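**Student:** Each chain, letter by letter, is given below.
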Amino acid sequence: MDSFIQHLSELYRYRGLIKNLVARDLKARYKNSVLGFAWCLINPLMMMVVFTLVFGVLMRNNIPNFPVFLLIGLLPWNLTAGSVMGSMNSIIGNGHLIKKVYFPREILPISMVCSNLVNFLLACVVLAAMLLVFRVELSPLMLYFPVILLIHVIFLLGLALLFSSLNVFFRDTEVIMEVVVLAWFFMTPVFYNIEDLTSTFSRLMYILNPMASIISTYRLVLLYHSPPAAEFLLRTLATSVAVLLIGYWFFLRQAPAFGEEV
Amino acid sequence: MVRFEGVSKKFILRHERSRSFQDAFVNIWNRRNRSREEFWALRDISFEVPEAGSLGIIGENGSGKSTALKLITRIMGPTKGKVQVQGKVAALLELGAGFHPDLTGRENIFLNGSILGMNGREMTNRFHDIVEFAELEAFIDTPIKHYSSGMYARLGFAVAFSVEPDILVMDEVLAVGDEAFQRKCLDKIREIKDSGKTIILVSHSLQMVKDLCAEAVWMNAGVMRARGPSVEVVDQYLDWANRKNKLRLEGAHAKEPEVSEEDNRRWGTREVEITRVEFLGGDEKPNTVFATGDTLVARLYYRARQRVEKPVFGVAIHRIDNVHINGPNTKTSDFDIEWVEGEGVVDYTIPILPLLEGTYRFSAAVYDYSCVHPYDHHDRMYTFTVQPKTMKERYGFVHIPCQWRLEPRVAAHAAISPLPDKLPVQF
Numbered sequence: 000m001d002s003f004i005q006h007l008s009e010l011y012r013y014r015g016l017i018k019n020l021v022a023r024d025l026k027a028r029y030k031n032s033v034l035g036f037a038w039c040l041i042n043p044l045m046m047m048v049v050f051t052l053v054f055g056v057l058m059r060n061n062i063p064n065f066p067v068f069l070l071i072g073l074l075p076w077n078l079t080a081g082s083v084m085g086s087m088n089s090i091i092g093n094g095h096l097i098k099k100v101y102f103p104r105e106i107l108p109i110s111m112v113c114s115n116l117v118n119f120l121l122a123c124v125v126l127a128a129m130l131l132v133f134r135v136e137l138s139p140l141m142l143y144f145p146v147i148l149l150i151h152v153i154f155l156l157g158l159a160l161l162f163s164s165l166n167v168f169f170r171d172t173e174v175i176m177e178v179v180v181l182a183w184f185f186m187t188p189v190f191y192n193i194e195d196l197t198s199t200f201s202r203l204m205y206i207l208n209p210m211a212s213i214i215s216t217y218r219l220v221l222l223y224h225s226p227p228a229a230e231f232l233l234r235t236l237a238t239s240v241a242v243l244l245i246g247y248w249f250f251l252r253q254a255p256a257f258g259e260e261v
Numbered sequence: 000m001v002r003f004e005g006v007s008k009k010f011i012l013r014h015e016r017s018r019s020f021q022d023a024f025v026n027i028w029n030r031r032n033r034s035r036e037e038f039w040a041l042r043d044i045s046f047e048v049p050e051a052g053s054l055g056i057i058g059e060n061g062s063g064k065s066t067a068l069k070l071i072t073r074i075m076g077p078t079k080g081k082v083q084v085q086g087k088v089a090a091l092l093e094l095g096a097g098f099h100p101d102l103t104g105r106e107n108i109f110l111n112g113s114i115l116g117m118n119g120r121e122m123t124n125r126f127h128d129i130v131e132f133a134e135l136e137a138f139i140d141t142p143i144k145h146y147s148s149g150m151y152a153r154l155g156f157a158v159a160f161s162v163e164p165d166i167l168v169m170d171e172v173l174a175v176g177d178e179a180f181q182r183k184c185l186d187k188i189r190e191i192k193d194s195g196k197t198i199i200l201v202s203h204s205l206q207m208v209k210d211l212c213a214e215a216v217w218m219n220a221g222v223m224r225a226r227g228p229s230v231e232v233v234d235q236y237l238d239w240a241n242r243k244n245k246l247r248l249e250g251a252h253a254k255e256p257e258v259s260e261e262d263n264r265r266w267g268t269r270e271v272e273i274t275r276v277e278f279l280g281g282d283e284k285p286n287t288v289f290a291t292g293d294t295l296v297a298r299l300y301y302r303a304r305q306r307v308e309k310p311v312f313g314v315a316i317h318r319i320d321n322v323h324i325n326g327p328n329t330k331t332s333d334f335d336i337e338w339v340e341g342e343g344v345v346d347y348t349i350p351i352l353p354l355l356e357g358t359y360r361f362s363a364a365v366y367d368y369s370c371v372h373p374y375d376h377h378d379r380m381y382t383f384t385v386q387p388k389t390m391k392e393r394y395g396f397v398h399i400p401c402q403w404r405l406e407p408r409v410a411a412h413a414a415i416s417p418l419p420d421k422l423p424v425q426f
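In the order they appear, the protein sequences are chains H and Z. FYI, the numbering for the first sequence is 0 to 261, going by numbering that gives the first Met the number 0. FYI, the numbering for the second sequence is 0 to 426, going by numbering that gives the first Met the number 0.
No lab work stands behind these hints, which were simulated from the structure alone. Just to be clear, a hint being listed does not mean it is correct.
In the BS3-like style, the derived pairs of lysine-lysine whose C-alpha atoms are separated by at most 25 Å in a straight line are [stated by the list, open to error]: (1) Z:144 x H:98; (2) Z:243 x Z:209; (3) H:30 x Z:144.
One-sided excerpt, in silico: chain H residues whose CB lies under 7 Å from chain Z [stated by the list, open to error]: (4) 16; (5) 23; (6) 30; (7) 96; (8) 99; (9) 101; (10) 258.
Only a predicted model underlies this, so the values are computations on that prediction, with no experimental measurement involved. Just so you know, even glycine gets a beta-carbon here, dropped at the ideal spot from N, CA and C.
Same shape as in the complex, but just chain H (with noise of 0.2 Å):
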């Protein structure tokens, strides 16, 4: 316990060093493009209007509001593929700095998890500006999505440094999870609505699934005006405390060998 807290100091202390990495990797992201930063807007409009096309006018779907619906699935669910795969190399990627320098090694995941949250909430401008143009109500239980992201961002910090720390030691980790992140992202109702499946499946995905969870209750809260069932949050708080946790604990016993495997 000691020294966690010790550790959790240090991670303080440095806490530059990780703005100066998320920094680093949005500003290398976007320098040699000519339209620069405005692709985290346009990017995910795009996104937007191709998924409206394939799962709205190509094949017919009742659900009001299509659009804002599909974004708001698509985002977090791109936050969360991003800082999944993005901090599964996160290490390895950095291998030259870990061989050469030393710092709190989980730094680089979770500035990898901090760049896709930048990202992501440059991408809600389009959403705000969506929420608008399709004329949805604003009303106060939207007040909630800083809440819902916080335990989305708890849950994605345990994941990014579970999956860091386990790709270094076994590289196909990555290839295996670029599988199962297709399959996690058809497991979740980014563009239908889990309702719409039968109820023992609903069930069993919101057990299952936090990012079901995650994603039906942004909708809930943005789209249809209702605030969160307690249990929701409640429940995927202790799944996500649970997984960063974990993340941590195993991360931190991997994390001394780093300098010897990458």
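Got chain H; can you put chain Z on it based on the hints?
**Tutor:** Positioned in the frame of chain H, the structure of chain Z alone reads:
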């Protein structure tokens, strides 16, 4: 403060690393007959570098020097034993680790600073000094992928120095950059050392270890062979390395030479040999007793078995109690020798001997042009004495030409004389 207590580090060499699930599963069944080769990079190493101390770690490639540094910098943990480090460590293991090619110099300074554990405010305060030290004012907003390797290294150095560490750890990094910048870095390292910081240096440049470090550790195959004042440890190591080399040339490579105290005073590979050293007076007659102010010529007789390009001849004078007085060589004196072959002599002349009364030890050596590889080194093998004769000065050990002047306070009403009564006397 850095302390190693019985530190060992084991690496497991798997020829085919099990990095996939499949291998891991297979290995569950094969665990017993799986061949795992263990390799001990360090075995039971103990030493301590006190605050403001300086330690050089020397040894052949693969002797465990770099592993020791990685333990100090916490890049790895020890398998056994304890590594204690008190104070902020800055490591110059690789310059500019973490530079991103697409970002500008300015952005990289902040990024690299934070990797080394600095916060944004500290970096802002030091930004100007860093840019100035790196001499990159004109290019600071250029992406560093357009930098030359020298500019890259300069920026790396500048950032690493700005961390103001309590412990500066360096691994063979000074080999980059032009000579002027190397000198600047060395000055900076000395400055850091003089300000009471701890310095730990791994280097193949034994001269640098002697210059910068008070103490040295000689590692061989993961074991500490010697520890003590850097001058002595370096000499021991050189002697051992040269004897090993000689044995190898003779084909007896099975046995490694033992360290012995005797015949420690001569080493080298002998492509050029110093066959004799002779002292001559101003009258060209052999002599070993001189007076302060005399002319002293040291004549080095050499023999080169083959043509040797660009050798550097050097000498050194120590007082009898091993105080190092000087150590010039033909390279530092800009007296470049193109090549030598066969026999000949090299004269080292001191026109006016400044040494005061005493007995002095004289060394002669011939090295390759990098001054790293010794052909033949005679360490303090020759002796000459200096007698006072007409010289009355007797404190210290050199006479430095000087002038004295006396100016009594002139009374306010007295006329100021244009010339002092007594002109300065030249000694």
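**Student:** Sort out which numbered hints this structure fails and list those numbers smallest first.
**Tutor:** Result: no hint breaks.
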